[in-house]
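**Q** Fit chain B to the supplied structure of chain A, relying on the hints for placement.
Protein chains in written order, with the numbering used here: chain A, 1 to 358; chain B, 1001 to 1599.
The set of hints was computed from the structure by calculation and includes no laboratory data. Careful: at least some of the hints might be erroneous.
Partial selection, computed: residues in chain B whose CB lies under 7 Å from chain A [unchecked claim]: (1) S1012; (2) N1015; (3) P1016; (4) A1037; (5) A1040; (6) D1156; (7) W1158; (8) S1176; (9) D1178; (10) A1217; (11) E1221; (12) S1475; (13) R1476.
For each residue, glycine too, the CB sits at the ideal point set by N, CA and C.
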Amino acid sequence: MTALLALVTEAFGGRGGIAQYNRDLLRALASAGTAVTTLPRMAPDAAPAPAGVRQRRPRGGRIAFSLTALLTAALRRFDIVFCGHLFMAPLALLAARIARARLVVQLHGIEAWPRPSRLRRLAVERADLVLCVSRYTRRRVLNWATVAPERVLVLPNTCGAAFAPGDRAEVRGRLGLAGRRVLLTVGRLDRRERYKGHDRVIRALPDLVAQGHDIVYLVVGDGDDADRLAEVANACGVADRVRFLGRLRPEALRDVYRAADLFVMPSTGEGFGIAFLEAAASGTAAVGLDAGGAADALAEGELGVLASEKEFPDAVARCLAAPPPDRAALAGRVRRRFGEDAFQARARLAFEQLRRGE
Amino acid sequence: MCGINGIFSYHSAANPPREPELLATREAMRARGPDGAGIAWSANRRCALGHRRLAIQDLSERAAQPMASHNGRLVVTFNGEIYNYPALRAALERDGVRFQTNSDTEVLLHLYARDGAAMVHRLRGMFAFAIWDNLREELFLARDPYGVKPLYTANDGWVFRFASQVKALLAGGAVSRDPEPAGVVGFHLFGSVPEPFTLYREIRSLPAGCTQIVDAAGPREPTPYTSIAHILTEGSACGAHDEIEDAVRPAVLDSVREHLLADVDVGIFLSAGIDSGAVLGLTADAGRRRMKAVTVAFEEFRGSSDDEVPAARHMAFRYGAEHLVHRVGEGEFRNDLAALIEAMDQPTIDGVNIWFAAKAAKEAGLKVVLSGIGGDELFAGYPSFADVPRWRRRLGPLAMLPGVAALARRMLPACVPGLVRRFPKAVGAFDRTHTWPGAYLLRRSVFLPGELAQVVGADMAEEGLRRLRPLRCLSRMLSPDPGSDIARVCVLESASYLRNQLLRDADWAGMAHGVEVRVPLADAALLRTLAPVLPRFGAGAGKAALARAPSIPLPDDVLARPKTGFAVPTARWLAAPEQERGLASRRWSQRVFDGLMAA
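Bound-form chain A, shown alone:
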């Protein structure tokens, strides 16, 4: 049986997109018969690891994490060391060398776009397999890494079966959205992640309202940029139309995806943009920028609308004016491309590459 050591920031019991990705990937590998040992930096929520995965106690400190990783690699047999984040790549390379194992490095988004430090670049170049969440991230990585392009594969995010169309009218009634045109963005409100484009949406609202749309803009997510965004809404005269909902529990998040008329995220820095998938899987039309990984999440326009930054307000207006999509059909298309079955099949194919290279 193949044994894999996963060095990750977060996985089971973690929050955010990277933790979700790690969970999906490690679960897929475990279900294919790989014995997975996970060593996370953090696990803020209590969540059991699935069958086939043994998650070790989180080690928050950098030194403690590194020592534990190297000791684990030295004392037990592993065939593969999986590195869940670029920042850990040098450590993972060392662990792989100690374990005489093959190295797989996972790269997500914006952290992997600029040229990294020499040591991190070296670690990526020494990897047997590099997985990227989108073609855009892959392209950026290949611009700084000297690595055979055939070793750099795209393994896009997936979204769980829980995101699906539901009783929209009931949810809208419950949330007081009946008769309103609801825009939605889901993402962290972090001042370091202003590329997500909440500002662009807020600044587009006055024109949309002037066109006769009774707009409500739901902003899901928390972070240190929320107050500034509230001020922007105030300055634009749309403060009463922007609702900051904070971080939502999974059930509530599913509800707002279903309630929305349009999911909007004019981000310039998405590694992939899993929220696009979640929206479309819920049957809600989506608009993003033709920048970064969004082109993959929206399948080059097949699952949603891609616009330039300049054309974004017009694209939103056009979508609001257009008839709503066939929600079940849209969700089915998302599921076929990015559903869990498709993800598992791709994960297995990617790791089979390692065996072929032996």
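**A** Below, chain B without anything else, positioned relative to chain A:
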């Protein structure tokens, strides 16, 4: 010659191929194949193949491409010629295979069905092809051992694309134009872009002598099935008992005879040199008379020793060829310059001569011409066969000493400025010249690695050199070690200069005029036969044997003529100052690079 292309959406999240993109890429190669065009879709609609045809074997519509096997399982799109296809066909027919056409293309389908990827070992010729397997849902690509026919690929992580030209892939509109620093630096170092790199990061050349599989998991790394070094190493192990001439004559006659296989007229590019002259003489031995022989000459050289016409005319008369002379003047050069750079697929500091030769061949109604390209590499005709071992021997001991190379780089410009002005590469005399790659790089480079920062900028130079690793590239060509000085230089010249520059130039320049250039002296079967005697080709012995290979040998004055190469008065035409004419290749490289970048 033809143009091939394809799109394979291998990733399950990818959209299926778009026909407009397939057609845009194919039509960008219209000049490669003016006689017909076709496309084919895989049964699952995830792969589409395109083809532009220059009809040479079996001119009927039955031989159109992409061509499917009789049961529809395999579909091929093919560029090139399989010279031994009659023998392969006969062997397949003995095994019970029934053919629908008289083309070499169909042989590929049957061979692949029977032998799979191992089929490439049976092929003699110049080829680049892709075969789609509807059962395995897998694409198989292959390229000939010398790399005569080009094949470029682009993989964006979801979709795999291929085409015969870089510019055709770009014309499809879906391939990234992110620059490849290794390609930019490689061009300024070598005068052509070394494979597998191109000027674009996403586009790569399938290396010569390699196959590649693409399936649902994406493209595998290219797999080498042969190399010049392997062929020579195996050959040298056999040992040579023949006299050189006894080995050379039947081998080159056999190659020339095979390269005459066509259902259209075959002509020849004839210069004043030994290679093309010998090939012409051997065509006469192979039974061809009144062959059209095309010579390009330059008005500026008329009456001078650089004028190739008198010697070429003499040879044409000797072998009963119809001699056609195309004289190029500055006006025609200037008229054609924009079209020439437009047709140039990847930048090169050569190609002017063959552009005009192909143009003349087309005007003479020829579709296929033989060329002597490859003769200097195989028969040790270049000065590099003497220079590289000598430099290594003489400069090597000092180059091995720590600090000498750096000292020379700093001191020589100050101590002997005149010498450095005339021979800028003198400052690199001790840069790893104790190694074969180092000595070869010094001999062949247009700019030295240390000069690149001034030419392309410091960041581009540093990143390009890091990604290209030129010495390591050259070193890999020499693995396995073919064992003799002549064989080592033969490998370096064949796998670098010949492959990346001469053969590529012959392809794009011929293609621009719908003319297929065949190279009987760059033939893997010929190389294999001559490998045992190749170490004895030094000091002119190889060229002398080639000159005497035709039953009517070449005139003695051709053998005695000093080697000039294909001199082209570009320096004069580009108005270079008299004292800088020795640096013409550097000026021309800048002109070409700027021209291509502006396109």
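**Q** Each hint should be assessed against the structure and marked as holding or not.
**A** Taking the hints in turn, this is what the structure says about them:
Among the interface hints, the one on S1012/B holds; its C-beta lies about 6 Å from the nearest C-beta in chain A, closer than the 7 Å criterion. With a least beta-carbon distance of about 6 Å to chain A, the hint placing N1015/B at the interface is held under the 7 Å criterion. Here the hint on P1016/B is broken, as its CB sits about 10 Å from the closest CB of chain A, past 7 Å. Hint on A1037/B is violated. Least Cβ distance to chain A is approximately 27 Å, over the 7 Å limit.
Hint status for A1040/B: violated, given a least beta-carbon distance of 24 Å to chain A, over 7 Å. Checking D1156/B against chain A: minimum C-beta separation of about 5 Å stays under 7 Å; hint holds. The interface hint given for W1158/B is met, as the beta carbon of that residue sits about 6 Å from the closest beta carbon of chain A, less than 7 Å. The restraint placing S1176/B at the interface with chain A holds, with a minimum CB-CB distance near 6 Å, inside the 7 Å limit.
About 6 Å separates the beta-carbon of D1178/B from the nearest beta-carbon of chain A, less than 7 Å, and the hint is met. Interface restraint check for A1217/B: the shortest CB-CB distance to chain A comes to about 4 Å, inside 7 Å, so the restraint holds. Interface restraint check for E1221/B: the shortest CB-CB distance to chain A comes to about 5 Å, inside 7 Å, so the restraint holds. A least Cβ separation of about 16 Å between S1475/B and chain A goes past the 7 Å threshold, and the interface hint is therefore violated.
For R1476/B, the suggested interface contact is broken, since its CB lies about 14 Å from the closest CB of chain A, more than 7 Å.
In summary, the structure is inconsistent with hints 3, 4, 5, 12, 13 from the numbered list given earlier, while agreeing with the others.
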